[in-house]
Amino acid sequence: MAPAAGVRRRVRRMLPRPALAAAATAAVGVALLPLVYLSVRVGDAGWPRISSEVFTSRTGQLTARSVALAGLVTAASTVFGVTSAFLVTRTDLPARRLFGVLAALPLAVPSYVAAFAWVSTVDGFEGFWAAALVLTLVSYPYVFLPVAAALTRADPAQEEVARSLGSGPWHTFSAVTLRQVRPAMGAGALLVALYVLSDFGAVSVLRTDVFTRAVFTSVSLGFDRTGALVLATVLVVITLLIVSGEQLTRRRAAHYARLGGAGRPPTRLRLGRLRWLAASGLAGMGALALGLPAASLARWFGEGVSRPGSLTGLATAAGNSFTLSAAGAGLTILLALPLGLLGARTPGPVAVVLDRLAYLSHALPGLVIGLSLVFFGINVAYPLYQSVWLLALAYAALFLPLAVAAVGAAVLQAPPALEEVARSLGRRRFHVLRTVTVPLAAPGIGAGAVLVFLTCMKELPATLLLRPTGMDTLATELWSQTSVSAYAAAAPYAALLVLLAAAPTWWLSARTGVLAGGGS
Amino acid sequence: MRTTRPGGAASVALVTLLTLGPAACGGGSEGTPKASDKKITVYSGRSESLVKPLLEDFQETSGITVEARYGETAAIAAQLQEEGSRTPADVFLAQDAGALGAVAGKDLFAALPDVLLDKVPAAYRDEGGEWVGVTGRSRTMVYNIDQVAEKDLPESVFDLTEPEWKGKVGVAPTNGSFQAFVTAMRVEHGEERTQDFLHGLKANDAPIREGNGAIVADVENGTLATGLVNHYYVYELAKEKGTSVDTLKAKNHFFANGDIGGLVNVSGVGVLKDSGDDPDVRAFADYLLGTQAQTYFAQETYEYPLVAGVASAPGLPKLPSLKTPDIDLGDLDDLQTTIAMIKESGLA
Numbered sequence: 001m002a003p004a005a006g007v008r009r010r011v012r013r014m015l016p017r018p019a020l021a022a023a024a025t026a027a028v029g030v031a032l033l034p035l036v037y038l039s040v041r042v043g044d045a046g047w048p049r050i051s052s053e054v055f056t057s058r059t060g061q062l063t064a065r066s067v068a069l070a071g072l073v074t075a076a077s078t079v080f081g082v083t084s085a086f087l088v089t090r091t092d093l094p095a096r097r098l099f100g101v102l103a104a105l106p107l108a109v110p111s112y113v114a115a116f117a118w119v120s121t122v123d124g125f126e127g128f129w130a131a132a133l134v135l136t137l138v139s140y141p142y143v144f145l146p147v148a149a150a151l152t153r154a155d156p157a158q159e160e161v162a163r164s165l166g167s168g169p170w171h172t173f174s175a176v177t178l179r180q181v182r183p184a185m186g187a188g189a190l191l192v193a194l195y196v197l198s199d200f201g202a203v204s205v206l207r208t209d210v211f212t213r214a215v216f217t218s219v220s221l222g223f224d225r226t227g228a229l230v231l232a233t234v235l236v237v238i239t240l241l242i243v244s245g246e247q248l249t250r251r252r253a254a255h256y257a258r259l260g261g262a263g264r265p266p267t268r269l270r271l272g273r274l275r276w277l278a279a280s281g282l283a284g285m286g287a288l289a290l291g292l293p294a295a296s297l298a299r300w301f302g303e304g305v306s307r308p309g310s311l312t313g314l315a316t317a318a319g320n321s322f323t324l325s326a327a328g329a330g331l332t333i334l335l336a337l338p339l340g341l342l343g344a345r346t347p348g349p350v351a352v353v354l355d356r357l358a359y360l361s362h363a364l365p366g367l368v369i370g371l372s373l374v375f376f377g378i379n380v381a382y383p384l385y386q387s388v389w390l391l392a393l394a395y396a397a398l399f400l401p402l403a404v405a406a407v408g409a410a411v412l413q414a415p416p417a418l419e420e421v422a423r424s425l426g427r428r429r430f431h432v433l434r435t436v437t438v439p440l441a442a443p444g445i446g447a448g449a450v451l452v453f454l455t456c457m458k459e460l461p462a463t464l465l466l467r468p469t470g471m472d473t474l475a476t477e478l479w480s481q482t483s484v485s486a487y488a489a490a491a492p493y494a495a496l497l498v499l500l501a502a503a504p505t506w507w508l509s510a511r512t513g514v515l516a517g518g519g520s
Numbered sequence: 001m002r003t004t005r006p007g008g009a010a011s012v013a014l015v016t017l018l019t020l021g022p023a024a025c026g027g028g029s030e031g032t033p034k035a036s037d038k039k040i041t042v043y044s045g046r047s048e049s050l051v052k053p054l055l056e057d058f059q060e061t062s063g064i065t066v067e068a069r070y071g072e073t074a075a076i077a078a079q080l081q082e083e084g085s086r087t088p089a090d091v092f093l094a095q096d097a098g099a100l101g102a103v104a105g106k107d108l109f110a111a112l113p114d115v116l117l118d119k120v121p122a123a124y125r126d127e128g129g130e131w132v133g134v135t136g137r138s139r140t141m142v143y144n145i146d147q148v149a150e151k152d153l154p155e156s157v158f159d160l161t162e163p164e165w166k167g168k169v170g171v172a173p174t175n176g177s178f179q180a181f182v183t184a185m186r187v188e189h190g191e192e193r194t195q196d197f198l199h200g201l202k203a204n205d206a207p208i209r210e211g212n213g214a215i216v217a218d219v220e221n222g223t224l225a226t227g228l229v230n231h232y233y234v235y236e237l238a239k240e241k242g243t244s245v246d247t248l249k250a251k252n253h254f255f256a257n258g259d260i261g262g263l264v265n266v267s268g269v270g271v272l273k274d275s276g277d278d279p280d281v282r283a284f285a286d287y288l289l290g291t292q293a294q295t296y297f298a299q300e301t302y303e304y305p306l307v308a309g310v311a312s313a314p315g316l317p318k319l320p321s322l323k324t325p326d327i328d329l330g331d332l333d334d335l336q337t338t339i340a341m342i343k344e345s346g347l348a
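Residue numbers (the working numbering), protein chains in the order written: chain A, 1 to 520; chain B, 1 to 348.
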């Protein structure tokens, strides 16, 4: 009898607790809402329509170009992100705190603003390579931030051992350091890849024919909703492949993920003459990613005579952006908590599957997410329709993976022993969660909330479709002004949008630890 | 923290969706005809900065509160189709006739009264009487006066496939206004000639832009010599530069003698089914086709007023002098063929 009981106990430990599993399933349900909508509408379309839309040489070209763009941007973002993170955290780079902030700030620049800036500065700037450059410049912080945080926390002892055994700096970096930060790098790269697949702003301005653009073109050409949704389904299939692929590499890298909580700073590599070369490289990146858009906005404002309606209008739009994004971030984190907890505390097939499912609609364009929430609001949650909460739900469906990754990482760092002590003292599970786990993981959860918050601020298509009637945000005002060529009036909205997003980005980069410790 | 309450409601709703699934869809209530409550909801595919002053004026003079949602015309058309009979909208103000045709095609519009329809010439309204044009926009060829002499301007849009225009004519094939133009060409000149024209543009390396605004901006700064656009974009550019159109390098060339290159398309309005009898909505539709609103459009957006007796902006040729082909501007079946042809030609 005893062995059977032991097995049962082990099985029980592998299976998640029912309440947590139910909450996590509900959260994944929100992320899957768009897929329910897609299957309903694509089902309506019927097989002949689907096959005539999907099995064409154009779909093949779109797939190849979308995947190539995502691959190229992900590779470039990983190289830039890891290099700048390493330079900022592990070397004697001059002004490294400044560069730490500079490397994170492009996250505050919406891709359509960056693309507009480039097009209006460089003649004939368009197509695949142009889109790849702009998308890399705005998305490499997705890799920089987690990798910089991982490098700051990683146990320097492993590197010291390697060095003492005669390993050179480059070999130590590739064999030890890079492996330590591999999970962080993989998570960031996945977000970049899915972001590129879902982005519409840059590819439309730079006229690169990829899936999102084809989806929008389908809707705006001949108002063909069904064709658009069938194409969007192909995007889900591509996402499924990428997400499963990343899961496979993650499993192989799992044993590197246990980072020691060493409380001392790592040794800094002396760059010597390369110091200034590295500094000018980072400065150049900053100039391209931040300086060029800033100069462009200033020029729009100076060259045109249109102006935003009033300062009150500007302030109201900023306030609305803040409210909607805060609601979105709040709801997203709330939904991410059970998923992140499940993944960190009861890892197993159920947690893995739920975690991966949360990513499936992450690469869908905002327009599709917007339409699916219109469908949901009209048919199921009519009282919520055109309220802040339905838009918040759309944000959650769009950005849940950003929050889940942050919550999961934060909970992993909170030692489970403390929870066990609280339990042994007779505290109930929910009480332990509220008084021990969440407070311990709070900074990481906060980082996730901030990341979702600033991503919500930049979101446009779903916001346009779902916002409460009459509620203008910075992003919608920016769109409204540019659609009548009033670029000067648009510039202050764009600038305010970037500035408001920059504050939380600053905080995010401070959290990674690059601002702490010695150095200038 | 009040975040939990609506979140809870949302998850209850979610569970409902997952259990009922598709069975829950499309079961919207028919609703009852709306009576006057001194309030209307307008979905506007036209830009806020253009429409808002007009809506505020209407609100002031009529005492009817206007709630307005702004968005891309095509996205709103998709939204209205998704909302079906449960839409909160009373009125759809659209950038182009195709979008109105798409919504009318789903049987979502109420029939408009003849007195309203008759204010506008038959070419600029729906044959079935479900939407009516509010303003007209003419297709033109914008050109840079330093790069193209007036005497060299073509008489017909078909001339643009000739070798002397190689690489010089910017087009926006993914833009609705270009498609309406191509559709009209098919109706007037047949599929074969249209196909030749599109292939001719492609073979002539016509530079491609995302929209009309980008073409006009590039013609003004000299990057492009000419482009096919709507007539009011040079006015928008002049306004943004704080100058008059006469000082711009970019000028409109209107194709005369009824050439298809001078097609006139419309922006227009449709009333959602349940609001057909709402006196507030009727008052709004009357207002849009009244002298005041028509004058506003003529002077602020430089579009053609469609109601008799209102003058268009100075410098524009008179609307009746522009010949319009006999096509149904909202006919989507035709639009689908056009799109297939544009794609096939390699322009989009």
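Quick caveat, the hints were computed from the structure, so don't treat them as lab data.
Among the hints, erroneous ones may be present.
[As the list claims (entries may be wrong)] Subject to a maximum C-alpha distance of 16 angstroms in a straight line, what follows is the list of computed EDC-like cross-link-like pairs (lysine to aspartate or glutamate): (1) Lys39(B) <-> Glu67(B); (2) Lys52(B) <-> Asp472(A); (3) Lys241(B) <-> Glu303(A); (4) Lys39(B) <-> Asp57(B); (5) Lys38(B) <-> Glu67(B); (6) Lys249(B) <-> Asp159(B); (7) Lys251(B) <-> Glu150(B); (8) Lys343(B) <-> Asp209(A); (9) Lys343(B) <-> Asp159(B); (10) Lys168(B) <-> Glu127(B); (11) Lys202(B) <-> Asp146(B); (12) Lys106(B) <-> Asp44(A).
Bear in mind the structure is a predicted one, so any value in this text is a computation, not a measurement.
Which earlier hints turn out false for this structure, listed by number in ascending order? Hints 6, 9, 10 and 11 not satisfied by this model.
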